[in-house]
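Engineer: For what it's worth, my numbering labels the leading residue of the sequence shown as 1, then goes sequentially.
To be clear, the hints were calculated from the coordinates, so they are not data collected in a lab. Predicted model, so just to flag it, every value in this text is computed and none were measured. Do not take every clue at face value.
Simulated restraints on C-beta separations [to be verified]:
| id | residue 1 | residue 2 | range |
| --- | --- | --- | --- |
| 1 | L70 | P47 | 27 to 37 Å |
| 2 | L70 | L45 | 26 to 36 Å |
| 3 | A3 | G66 | 29 to 39 Å |
| 4 | A63 | L38 | 27 to 37 Å |
Backbone N, C-alpha and C define an ideal beta-carbon position, used for all residues, glycine too.
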Amino acid sequence: MGAWSLIFLALLADAALSDLRGLRIPNRVPLLLALTFLAAAAIRLDPTDIAVHVAAGLVLFAAGAGLFALGLWGGGDAKLLAA
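Could you build all of it, start to finish, from the sequences and the hints given here?
Structural biologist: Rendered as structure tokens:
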């Protein structure tokens, strides 16, 4: 398993533990996930692929925000889904 994958898994574990402890996902987790993706993508992907991934993240954020507005999800879930 590569270093990027380990960072990704550690951040998801942090989100899961925070969510279990207090039903909160700190803003740092989605932010670090997005930054980790951008760093890894800059090395491994071409700009078109990066743009597609970013667009998918925006669509998922919109879906998560909709579920949050309906009271079905928490805000942290929407942020994490997008990241």
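Engineer: Now tell me, hint by hint, if it's right for this structure.
Structural biologist: Checked hints:
no. : hint                  : in the structure
1   : L70 / P47: 27 to 37 Å : holds (35 Å)
2   : L70 / L45: 26 to 36 Å : holds (34 Å)
3   : A3 / G66: 29 to 39 Å  : holds (35 Å)
4   : A63 / L38: 27 to 37 Å : violated (21 Å)
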